[in-house]
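**Student:** Read top to bottom, the protein sequences are chains A and B. Residues in the first sequence are numbered consecutively from 1, following the working numbering. Residues in the second sequence are numbered consecutively from 1001, following the working numbering.
Everything labelled a hint here was simulated from the structure, so no lab data went into it. Even glycine gets a Cβ: it sits at the ideal position worked out from N, Cα and C. It cannot be assumed that every hint is accurate.
Label-pair distances were calculated between CB atoms; the ranges are [as the list claims (entries may be wrong)]:
1. A:Y99 x B:H1408: 53 to 61 Å
2. A:Y99 x B:P1377: 41 to 49 Å
3. B:I1476 x A:F265: 51 to 59 Å
4. A:Y99 x B:N1130: 39 to 47 Å
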Amino acid sequence: MAEQREPIVRAAGLTKVFRDFWGRPKAKAVNDITFTVEPGEVIGLLGPNGSGKSTTVKMLLGLLYPTGGVLNVLGRSPRAVETKREIGYLPEESYLYKYLTAEETLDFFGSLFNLSRADRRNRIDQLLDMVGMAHARRRRVGEFSKGMARRIGLAQAMINDPEFLILDEPTSGLDPLGCKEVKDLILTLKARGKTVLITSHLLSDIEDVCDRVIILYGGKIRAMGGLGELLTVSEENRIVTPALPQPAMNEVLRILRDNLNGEEFTVDHPRRTLEEFFLDVIMKAKSDNIETAGVSGGGKIAEYLSRGDEKSAVIESLVEEPAAPITPHAEAPVAAPAPESVTEAVMEKKLEQLTEEPKAVEPAPEAPREKSNGKLKEVDAKLNDILGNRK
Amino acid sequence: MKSYWAIVKLTFRNALRSHIFQLLLLLLLLAVLVIPTTVSGDGTAGGFIRVSLLYSLSTVSTILALSSVWLGCHAMTQDIDNYQIHMVVTKPVSRIRIWLAKWTGVYLIHLLLLLVSSMAIYFIILYKYNQQGFPEKERQKIRSEVMVGRRVFLPEKTDYETISRQMVKEKIERLRAQGKDVDTSPAAQESMLKDARREAVTRDSELLHDQPREYVFRNLPVNLDKPLFLRYRPYVGKVASEGQRMTRSFWIAGVPRLPEKKDATNVFEQAKQGQGIEYYPQPLSEFPEQVMSGEFHEKTLPAQWKLIAPDQSVRFIYVNKDDSQEKQYFQPTDGPKLLVEVCGFFENYMRSVAVVALELLILTGIGCAFGGILTLPTAIFVAISYLLFGSFAIYMSNLDYVAGTADHLGQSIARLLLWIVIPLQGFEISGLVANGEIVELKYFWLLFKGYFLFRALPLFLLGMLLYRRRELGLVIRK
């Protein structure tokens, strides 16, 4: 039986009231929220502007003090120095010292963790490689574009190999390639059992990497749960197959018409997302060795971040794969067999499932989903290609 | 400690990027290079050294004092205002450590600048002094009077309070004897006392023609094997820098001698043994000397004269021998003073540098204390106000005499304020070094204890505590 671990964050009745100069209540930014963040999960904190996301994050970091309720991070007060030893934080904007070079910046933040000189040097090399900034290590941060500074910000957040990573808009200012790399990194960290809390306005990013989300509005939690249970429309089905010959297609359509009793359905060819297409183009350009003054060669996960993790090797191989599409609900991949090895029996079974009553299809629970075979997912994608998306 | 020194280093680098600091640095450079190379003094070696030291050291300490307050506030507020502090306080570094590291960083840069500037001034002055063709006699004089560290002894203080009360009493008796009405209301008494005190001070500084005035110096080391220096500055007619001329002065030293030892034939003689020091007059010059009024003059008294009595006292008599029989004056602050060589010039110079270094330590701390809890403009305003209150408070509380309710109230407030504020006048020691007067270690300790331990340190601890409790996430960038 798995050992019951303490939650990384435990907030109970957490409240934050901002007051004016005279101590009169001005705004209730966070209003009696209760949630936990479990070890090893990637959790998204969502909400429109002014919903209380940043206030919650600032309280987790000890930058703001709760007005009411209980807040524990890693079993301690968020203000305790010991707590901060295991936290990595990437703020919404990179509040870096502009006159320091990329290397000096990481060295400074490494020193704040009392890392030895050798450790700092080693980690700086790996992190700069990872965020694709090794070529700009001696350039001042002030000269960097927003995306480049963001990458340095991300690197500094991981200099201590944190147990709990708080990323405020991690993909803000990054190009799609950078976004992909960040998401891959988050998945790597998750595979290593690290806990990540992300706030972002880019819902697709959250969807790609998070296990659970908390949606805030007006300082209160409006929705909370696993993405599977929140997003799955159990009343509908979608089947994707390789392109079918016309007779097979006619047969499928006939089955659908017979079973849907006049209800509308759609059959078309799926489209690639712009992100997938863009990544494909860039990967091709990279393979042609076209020079760039910006970010280059990133994506290789720092060794000390993936050390001792069997899954990470697979992730790296996936990361290095050109134009690998990022699937929604992406999880820590496990060893995936090649698509060619899928048997026709499996495909037939899938087609049969399509004819079943929609009620019979249950949303996949979180834990089994994580364990699902990567191979099957690729088969799902193929089926999608064949059958198109059903509305 | 790695985190501590990382912040110190960062603060150091950050300081160099502040434009106001760069401006002050430029001024400092000008002060160090221009003042000693352009100052000529009054043409004498003594004048040159005195003026160069006075101007250079005062300017350098003033610029560094301003810079340390500014940079102390800036180092604390800048990080908070632009949110960089979020990146630091979310790391495992306590706020107290951040505060101390920033203080250290700002202080170290000023200490470094102070050492470099003071060394530059020292060597430039020595170089200029050696380059100029001063006669050997004058050089010798400057070596014994200016480029030295001498302990200062002041004559016994006159009790103005008792004298003025006695004068008022006599005046009232005189008026009553004349059959006149005397207003004995407190206000009238106060007014009379004020007038009497002013008269007593004037009389004390007045030197009438041909009227000898005795000065007694106490607590001198009995077996001194070094010469004594008698320093004085007479004014003629009035105490003013203008209208001074040549005048004449005549000094007589009292050479102590114990009564000849007689056989104690009875109990009275026995009781007299070892008592009753007699003084024999020893004129310091054959004739009254001609001196320029309004300027300092020194007389060297060789050790072999044995002027120090067994009770550690030395006595002198001064006689005004002005040709026009005009009154002469000694300002109470001028003495006359008796000086004894204690250490060399370099040691004394470094002692003065140490006092300035202590001043900078306090000022940077004040800047950090206010900067940690306020915005930059407010922190600067509060820090400067605090220091100004200190200067006014010491001035008010040092006033020898005040009259009227408002004055008394002001002085009481000033004395209360002095429990918490720090007057910077105490750190102004360039005048001492320029006059070859020693910066006593005891004085340094008094400054350290009185101003650093009892006033500055509690303020710093309060600043640290408030900084530790501050919700840094509340700061909103405008």
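**Student:** Hints first: check each against the structure and report whether it holds.
**Tutor:** Now the hints, each set against the structure:
1. A:Y99 x B:H1408: 53 to 61 Å: holds, 55 Å
2. A:Y99 x B:P1377: 41 to 49 Å: violated, 23 Å
3. B:I1476 x A:F265: 51 to 59 Å: holds, 53 Å
4. A:Y99 x B:N1130: 39 to 47 Å: holds, 43 Å
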